[in-house]
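Protein chains in written order, with the numbering used here: chain X, 452 to 809; chain L, 452 to 809; chain W, 452 to 809; chain S, 452 to 809.
Listed below are several chain L residues computed to face chain X (Cβ distance under 8 Å; list not exhaustive):
hint: 1; residue: N505
hint: 2; residue: P508
hint: 3; residue: M510
hint: 4; residue: P511
hint: 5; residue: N516
hint: 6; residue: V517
hint: 7; residue: D521
hint: 8; residue: E786
hint: 9; residue: T788
hint: 10; residue: L791
With a cut-off of at most 25 Å between alpha-carbon atoms, the simulated SDA-like pairs for lysine to any residue come out as follows:
hint: 11; chain 1: X; residue 1: K779; chain 2: S; residue 2: N649
hint: 12; chain 1: L; residue 1: K623; chain 2: W; residue 2: A532
hint: 13; chain 1: W; residue 1: K779; chain 2: L; residue 2: Q660
hint: 14; chain 1: L; residue 1: K584; chain 2: L; residue 2: Q673
hint: 15; chain 1: L; residue 1: K623; chain 2: W; residue 2: G519
hint: 16; chain 1: X; residue 1: K584; chain 2: S; residue 2: N649
hint: 17; chain 1: L; residue 1: K732; chain 2: L; residue 2: R671
hint: 18; chain 1: L; residue 1: K779; chain 2: X; residue 2: S651
hint: 19; chain 1: L; residue 1: K779; chain 2: X; residue 2: L646
hint: 20; chain 1: L; residue 1: K779; chain 2: X; residue 2: A648
Selected chain S positions facing chain X (Cβ under 8 Å, derived; list incomplete):
hint: 21; residue: D619
hint: 22; residue: P621
hint: 23; residue: V622
hint: 24; residue: D655
hint: 25; residue: R659
hint: 26; residue: G682
hint: 27; residue: L684
hint: 28; residue: P714
Because the hints were derived from the structure by calculation, they are not lab data. Computed from a predicted structure; not experimentally measured. Every residue gets a Cβ at the ideal spot worked out from N, C-alpha and C, and that includes glycine.
Protein chains: 4
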Amino acid sequence: MTILAKLDAPPDAVQTAVDYQTYAQQRLEPAIWDYLQSGAGSGATLLKNSAAFNQVPLMPRPLANVAGGDTQLHLFGQTFAHPIVLAPIAYQGLFHTDAERGSAMAAVAQGGQMLVSSLASQTVEAIINAAEKPLWFQLYWQGNRERTLTLVKRVINAGYSAIFFTVDAPVKQASMVLPPHIAAVNLAPALPFNLAANASVVFDGWMRQAPTWDDVQWLRQQISIPLIIKGILHADDALHAMRLGCDGIVVSNHGGRVLDGVPASLTMLPEIAQLTAGKIKVFFDSGITNGQDVYKALHLGADAVLLGRPYVWGLATLGAIGVAHVIKLTRDELEMTMALCGAAQLAHIRVNNRLSDR
Amino acid sequence: MTILAKLDAPPDAVQTAVDYQTYAQQRLEPAIWDYLQSGAGSGATLLKNSAAFNQVPLMPRPLANVAGGDTQLHLFGQTFAHPIVLAPIAYQGLFHTDAERGSAMAAVAQGGQMLVSSLASQTVEAIINAAEKPLWFQLYWQGNRERTLTLVKRVINAGYSAIFFTVDAPVKQASMVLPPHIAAVNLAPALPFNLAANASVVFDGWMRQAPTWDDVQWLRQQISIPLIIKGILHADDALHAMRLGCDGIVVSNHGGRVLDGVPASLTMLPEIAQLTAGKIKVFFDSGITNGQDVYKALHLGADAVLLGRPYVWGLATLGAIGVAHVIKLTRDELEMTMALCGAAQLAHIRVNNRLSDR
Amino acid sequence: MTILAKLDAPPDAVQTAVDYQTYAQQRLEPAIWDYLQSGAGSGATLLKNSAAFNQVPLMPRPLANVAGGDTQLHLFGQTFAHPIVLAPIAYQGLFHTDAERGSAMAAVAQGGQMLVSSLASQTVEAIINAAEKPLWFQLYWQGNRERTLTLVKRVINAGYSAIFFTVDAPVKQASMVLPPHIAAVNLAPALPFNLAANASVVFDGWMRQAPTWDDVQWLRQQISIPLIIKGILHADDALHAMRLGCDGIVVSNHGGRVLDGVPASLTMLPEIAQLTAGKIKVFFDSGITNGQDVYKALHLGADAVLLGRPYVWGLATLGAIGVAHVIKLTRDELEMTMALCGAAQLAHIRVNNRLSDR
Amino acid sequence: MTILAKLDAPPDAVQTAVDYQTYAQQRLEPAIWDYLQSGAGSGATLLKNSAAFNQVPLMPRPLANVAGGDTQLHLFGQTFAHPIVLAPIAYQGLFHTDAERGSAMAAVAQGGQMLVSSLASQTVEAIINAAEKPLWFQLYWQGNRERTLTLVKRVINAGYSAIFFTVDAPVKQASMVLPPHIAAVNLAPALPFNLAANASVVFDGWMRQAPTWDDVQWLRQQISIPLIIKGILHADDALHAMRLGCDGIVVSNHGGRVLDGVPASLTMLPEIAQLTAGKIKVFFDSGITNGQDVYKALHLGADAVLLGRPYVWGLATLGAIGVAHVIKLTRDELEMTMALCGAAQLAHIRVNNRLSDR
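This is chain X alone, in the form it adopts within the complex:
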């Protein structure tokens, strides 16, 4: 193992977020790096996420007047400098001692927002205190309503201003063994299964502790802050969430980590965005690696995007500074793409990328 020179600032060679991968990989143990990068099964969905972006062309529109443009976004009563939200990556203590507090500080410093994971390695109170601003919370179902409500009340008390309820990963899959100092410090111990002799671990174990649409309806009645359903790919499920009074959805395949062979979430975005347009907020997740990707997701109908692995590459390399740098690079790329494609505001992106108007 090479001893790595300590870095205090972004290396010159980093021109875009993916350039951080080399540095991050050098700094992380192989098992942790693999855990971060891997997808389910053969990784087919990971490849689809990437290929889907390559298939969306960008259409330059030179000579448009975009001087003075900006990337401002108004969402749930807040104003953000840009539409890039940090995704709820679990156990950030694995990557850097700054962990979730570092990511949250970086998000806020860059005028954006972070979704703090149920599986955070620091307490939700410590993280929001570091951020000094309201954050958003990503909720995993805690096996039953009582345990779930306890967790939700705690994060609302701590100042979290929106709940993103992840519904697409009801089964805890084989994963890495956590080192002793890393844990899901905000959660109570998991409930036991108590299976009968010939029972199915999947159908009689995990799925009896999984949430259903009834639970979404119940949760909606328990809280008054925005409730967003994370992990939607099918248009019917987006409409279902809307009918139950949810404030938004995250079109996501969980970064290709849950079920191999699932479509790219970008493929499913346009139909969902069209059916829900203007009625609920549509976030896009899974596969964003740069500002061109952000532009493409917004063009296909997203209101904002979740950025996942790329900011962890920055976190692993430089802690909070690396996260801030990744956000900045991505936003700069978004601005450049908007300028070249003739969009002075986020709202122009959706209509401006057409290959042809006839």
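Following the hints, complete the assembly by docking chains L, W and S onto the known chain X.
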């Protein structure tokens, strides 16, 4: 050649059936490994079988209530715990001393079924005795009706409860030379050809000993147990089998081993399933390597699937234990896929995977 | 350079024509091997020829009664045992001392036919004497009508029974330098160009010596034996040849050797075959490497096919014996494919490969 | 670093322009080579440019009478021997001491034309003096109208006879550091930005100095020589330029160097050519590497093409001689392609490549 440490249990590194490939390849002589893995010609059909599965997306449907679901299947008067049938791989003594008896015991122990090959390396009686339950028999035409009927009567007497008549490999192609202790112990010696001077080995030799539709009609009249035609790709042939009173068909390209350039059998499945729906049973064969593949084949209309090379990887590595483990892993993957896609029963799979309902 | 053991018979490892490539490459000087294998420019058309065959699926039709079938073909008053014609490869003395005489003897011994090249390295008389049967002659335009007619009369006198007029290579492109003992022994020296100072070598040199449709019309009037135009890809040109009274065409892109970026000739075959069906004979050339390819070309409408590089691999390895073996292997593969796809005669191939009849 | 033997003439191994790449790479410092070859971002647009040409088939039309054909082009009152224009590559002193003067002399010697870059490393006067004929000038906006007009007036005074106004690269992206002896000698120093504290470098810096359609309209009124807009991909922008009285457009994605993910310019050419046919001149840029490519661009509607990187490979290897050789090779390939596809004049190309007329 490395001396391999003996294994008594599945290695931890095996998370899915294909992980057994490394272990199996280390345990088998190269000629045997190549014989198992190879496809006809350039292997184009093998690649098509695999690519066809990649092109069928899985559609997660979170929040469905699937607690208490199962994978039970009722078929030909029997109830199976799952729809995974072991395919009729020939000469299993090549792979492990457990051979066909090991595979049959594993199939039954896992609540499933096995198709025993005409080219089994153990007697059909020994195999069914080991299984202690009725098995199914894969029939090759024995050159004429008399010889064929002798074989069929023998296996029915031994307790086999269904005949799967393979019709897509009328010519014995160049293959490996069998070691002295491995033989088709259930078959009489092959009939000679007695060709004229300028005669064609194909048209005047092999094809004069090959079965025709008339022979199918004749065979149907000889037996009262279920008769299933294995090796159908064209919808007209499926309908023909149905009209002759067969109980089912196996949509198969013989694992890509007979004619290079044949379509993936998954490609041909939907039309056949639609035309025969509910009237005869449709089995799918060729290309299944995991539980997601099983889900996809059932979604496209199969009632059950044949699992081929993957269980032989387990057999070569650990004998009967390896086969049982492969079946278990595949069934677990099927359950997980059903749970994530919102299907609590096999019957729900066919309707539940649609990318969109509008 | 390794000294190669002399071969007297086909090596066991040769199961299909392409298996001869290794042996041929070992026996030939690199420059000669490259000359044989190469395509124009980047080789894009070579790849297209190959890819086009991969895209045509074969559809097995088991249980058809094909016992006693054959591959006989009646063409221009002759009966051939199969539809595989040797293509007019130039300068065969480069590959083996048997040269064109070896190829012709092999073709006739296998019950087929050979197209002897204008650029043969042996005299047309010596070749037909070796064959002891009428052969076909491939004609290159000799710069003007007089010189061309002299050549045509000579080959007709020698006993050649059909003229295949190659029209798709009017410009002699950069190629290998011939060794001193190899020459186009049947041709008079090339005509000089006499170009003006600023003249174009292409438009004022080569193309002033190239044939036109008027020359085809003239040639048709000079000879009474069958005249076939070789090098047609556009349907209009096929119809033009038909209107001028030609007896057939060869759909060909010259094996990808003339113009890079040209479509696969297999791609152009169906439309041409449909428009000319039954009125003139359609030969297929460019990309055939085995009997499955022959089946596909006949299914798409060809009456017979030209086999090119593959027989030269056999020639380079074993002389006439190698050529005969390549023809035999290819015919056997054709028979096997017909048997598996349910075609007992060549005429059945065209209708029998449909993926579905509904 | 190997010491390279000096070359005085094109190496025999060079049969087409891309063969110069090896020699050029050996002669240039890696940073300069990378700068020349690179595309924006991941290079996706570079690959698209190349793939788009591969997808356009060439259709041979043998037996057409093309003797005496030529490649002459009449454009803006001049007659050129061929439609190949040298693209405005910046800082040519990086590649060879002959620099822009060498390229211009070669273009004129070969009967063609060159577009001299705003970022030329030699004065516009020196370049046109070397050429001894009117050249064309590529204009970058100089931050405001006054500075731009000063530059335009200077080049018109120097004898440049057309202005190609590049509008698709308003932001100067990260690039190589120029060596001390190379500079944009024809330009005044860049204007400063004077940004407010939280201002966007893109929207408040670069884009406030970028030209708009109003500036195009203004420029049109300032000059009477032909004005062509370079960097159009969207058909609406082509029509906009036409309505403002421009004399032509260059369909271009800037050789894939500005925005990664942009469509191949060849993909956008047909619609634009159809909408503007006969009304303004359509130049094609981005991806041309040989004469077949030129033919394809003209077939899809271009009046002439810009040749970029390939002539710099020649320049780097042999100076002006290399550039002239690249132009000659490309023109010869165009002639050969025309002859084989049955086109005797440029005007025939557009109608002659159809795969089928029915």
